[in-house]
Amino acid sequence: MAFTLPDLPYDHDALEPYVDARTMQIHHGKHHQGYTNKLNNAIEGTKWERMPAEDILSHIDEVPNDIRTAVRNNGGGYVNHKLFWTVMSPDGGGAPSGALAEAIEDTFGSFDAFKETFSSTAGSQFGSGWGWLVVDDDGNLHVYSTPNQDSPYMKGHTPILGVDVWEHAYYLHYQNKRGDYLSNWWNVVNWDQVAANYAEATS
Amino acid sequence: MSNQPEASVGRRRVLKSLALGAAGLSLTGLTACQDSESDSAAAVSLVTTLGQSTYPFEVPPLPYAPDALQPAIDAETMRLHHGAHHQGYTDKLNAALADASDLHDVPLRDLLADLEQVPTSIREAVRNNGGGYYNHALFWPSMRAEPEGPSQALTAVLREAFGGVDAFKEQFTAAALDVFGSGWAWLARAPNGALRIVQTPNQDTPLAQGLLPVLGIDVWEHAYYLNYQNRRAAYVEAWWDVVNWQQVEANLPSEQR
Ligand SMILES: [Fe+2]
Ligand SMILES: [Fe+2]
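Protein chains in written order, with this note's numbering: chain A, 1 to 203; chain B, 1 to 257.
I should point out that these hints are in silico values taken from the structure, not numbers from a laboratory. For clarity, every value in this text was computed on a predicted model and none was experimentally measured. We put the CB at the ideal spot given by N, CA and C, even for glycine. The reader is advised that the hints may include incorrect statements.
Result set (DSBU-like, lysine-lysine): computed pairs, CA atoms no more than 35 Å apart in a straight line [stated by the list, open to error]: (1) A:Lys-115 with A:Lys-38; (2) A:Lys-115 with A:Lys-82; (3) A:Lys-155 with A:Lys-115; (4) A:Lys-30 with A:Lys-177; (5) A:Lys-155 with B:Lys-92; (6) A:Lys-177 with A:Lys-38; (7) A:Lys-177 with B:Lys-169; (8) A:Lys-155 with A:Lys-177; (9) A:Lys-47 with A:Lys-115; (10) A:Lys-47 with A:Lys-155; (11) A:Lys-177 with A:Lys-47; (12) A:Lys-82 with A:Lys-177; (13) A:Lys-30 with A:Lys-82; (14) B:Lys-169 with A:Lys-155; (15) A:Lys-38 with A:Lys-155; (16) A:Lys-47 with A:Lys-82; (17) A:Lys-115 with B:Lys-169; (18) A:Lys-30 with A:Lys-155; (19) A:Lys-30 with B:Lys-92; (20) B:Lys-169 with A:Lys-30; (21) B:Lys-169 with A:Lys-38.
A short list of chain B residues far from chain A (calculated; beta carbon distances all over 12 Å) [stated by the list, open to error]: (22) Gln-117; (23) Gln-152; (24) Ala-223.
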């Protein structure tokens with residue numbers, strides 16, 4: 001059973017002006033499609049085909065040597081982008097409420113302090129990578145970044161919010177100004193989805 | 001004032017750089033420089049001159065107009081790449097080193113070849129931005145508009161090492177396409193003289209692997225995204241049209257040319 005590229009939950013231009021339509025088209029239709037195809041090629045005919053991609057990543061050490069790097073890179077690319085589309089929305093922005101808001105305040109001091117930590121963490125990931133808000137085994141929140149397509153699932157953590165800081169995520173519109181991309185990106189963060197991810201990860 | 005890596009450095013300066021002693025490089029390089037054809041005479045080993053440069057570092061000027069490499073590389077990409085990215089690495093490298101006065105006289109090559117000597121508080125910044133400074137300074141002169149093909153001598157070197165110029169290009173291209181994420185592919189020279197194709201992630205340099213870079217291609221997405229987007233293969237293919245083979249040859253130690 002091959003993995004398929006999930007549909008975007010909104011139109012390509014829905015996140016304008018913060019994320020431009022052309023970037024969305026290429027990012028989803030080329031980059032995410034590419035990771036999907038390469039993941040399928042890597043695991044074709046193996047037992048890993050029958051496992052959710054997130055579970056493959058949490059067991060990455062058990063994946064045979066000859067396909068491990070391909071699975072790590074493309075499985076990561078598949079899962080990371082799958083989450084990424086859903087944590088953005090044209091109706092996004094603002095701030096979380098409820099249990100997630102409380103947990104963020106408890107962990108980071110305030111929502112603004114969290115945003116600052118998250119932005120600077122993602123902003124200073126050198127090269128390609130992601131910035132994350134994750135839930136660990138004990139239900140605690142953490143912010144960190146990962147290089148390339150490495151996934152928090154590889155550490156046994158559940159990502160509930162992620163931002164892509166590969167240059168392909170912003171270069172057409174922002175060029176070298178990653179900081180501008182990151183500050184604008186908060187306008188499209190889908191906090192309802194992040195809250196649902198948090199509830200599921202802590203249940 | 002740091003040594004500015006330039007494509008056309010005066011002969012006196014070449015002498016000075018070489019006399020300062022680049023590890024493993026022979027002084028007979030000067031003779032080779034004088035005797036070779038006009039184009040190769042203008043190209044001096046950037047690996048030598050750049051490696052000698054010290055704090056504070058300055059972005060070397062582009063050796064051609066930003067639109068000179070079109071259609072392989074578009075002018076807007078060149079402007080951003082040189083004026084924003086390379087400038088950014090340079091500024092951050094200088095900022096990282098500003099208070100480390102005992103490193104101000106250490107040649108860039110030695111800094112990057114032995115990062116252990118850099119205090120841990122700034123090691124990552126020097127690794128990333130020093131590498132970014134160095135790699136891009138090598139990159140610009142390794143390209144030119146309407147280049148000549150490799151000389152007979154360089155062709156012979158590539159034939160011996162890789163089976164031929166086409167075989168070399170094929171293996172180098174495969175390495176460039178295979179870099180996952182941001183990084184570089186290189187033709188590099190081992191201390192025993194062997195030529196190898198290697199990859200480095202992000203802005204890591206071959207120097208840190210004990211190798212001297214000879215030719216590198218930037219495969220960070222910023223190097224090609226405006227014009228090629230996700231099609232890195234098309235970028236690499238077009239890039240071969242602007243490779244400055246005379247500079248590649250000049251980057252090899254004279255005994256190898
Ligand atoms: Fe991406
Ligand atoms: Fe670059």
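Would you mind confirming whether the straight-line C-alpha gap from A:Lys-30 to A:Lys-82 stays at or under 35 Å? Status holds; Cα separation ~14 Å.
Is the straight-line distance between the alpha-carbon of A:Lys-177 and that of A:Lys-38 35 Å or less? Within the cut-off at roughly 30 Å; holds.
Given the hinted pair B:Lys-169 and A:Lys-30, is their Cα-Cα distance within 35 Å? 26 Å, holds
Would you mind confirming whether the straight-line C-alpha gap from A:Lys-47 to A:Lys-115 stays at or under 35 Å? Given pair A:Lys-47, A:Lys-115 is violated - Cα atoms ~40 Å apart, limit 35 Å.
Satisfaction of hint between A:Lys-177 and A:Lys-155, Cα-Cα up to 35 Å: 30 Å, holds
Can you confirm whether the C-alpha distance between A:Lys-115 and B:Lys-169 stays at or below 35 Å? Violated, because 46 Å separates the two Cα atoms, which is more than 35 Å.
Within 35 Å, alpha carbon to alpha carbon, are A:Lys-155 and B:Lys-92? 31 Å, holds
Can you confirm whether the C-alpha distance between A:Lys-30 and B:Lys-92 stays at or below 35 Å? At roughly 33 Å apart (the allowed maximum being 35 Å), B:Lys-92 and A:Lys-30 satisfy the hint.
Mind checking the alpha carbons of A:Lys-47 and A:Lys-82 for me, to see if they're no more than 35 Å apart? Judged against 35 Å, a Cα distance of about 22 Å means the pair holds.
Hey, does B:Ala-223 actually stay past 12 Å from chain A on C-beta? Label violated. Min Cβ-Cβ 9 Å, cutoff 12 Å.
Does the alpha-carbon distance linking A:Lys-155 and A:Lys-115 stay inside the 35 Å limit? Between A:Lys-155 and A:Lys-115 the Cα gap is close to 23 Å, so the pair holds against 35 Å.
35 Å Cα cutoff - pair A:Lys-82, A:Lys-177: The given pair, whose Cα atoms are some 25 Å apart, holds under the 35 Å limit.
Checked against the numbered hints above, the structure violates hints 9, 11, 14, 17, 24; every other hint is satisfied.
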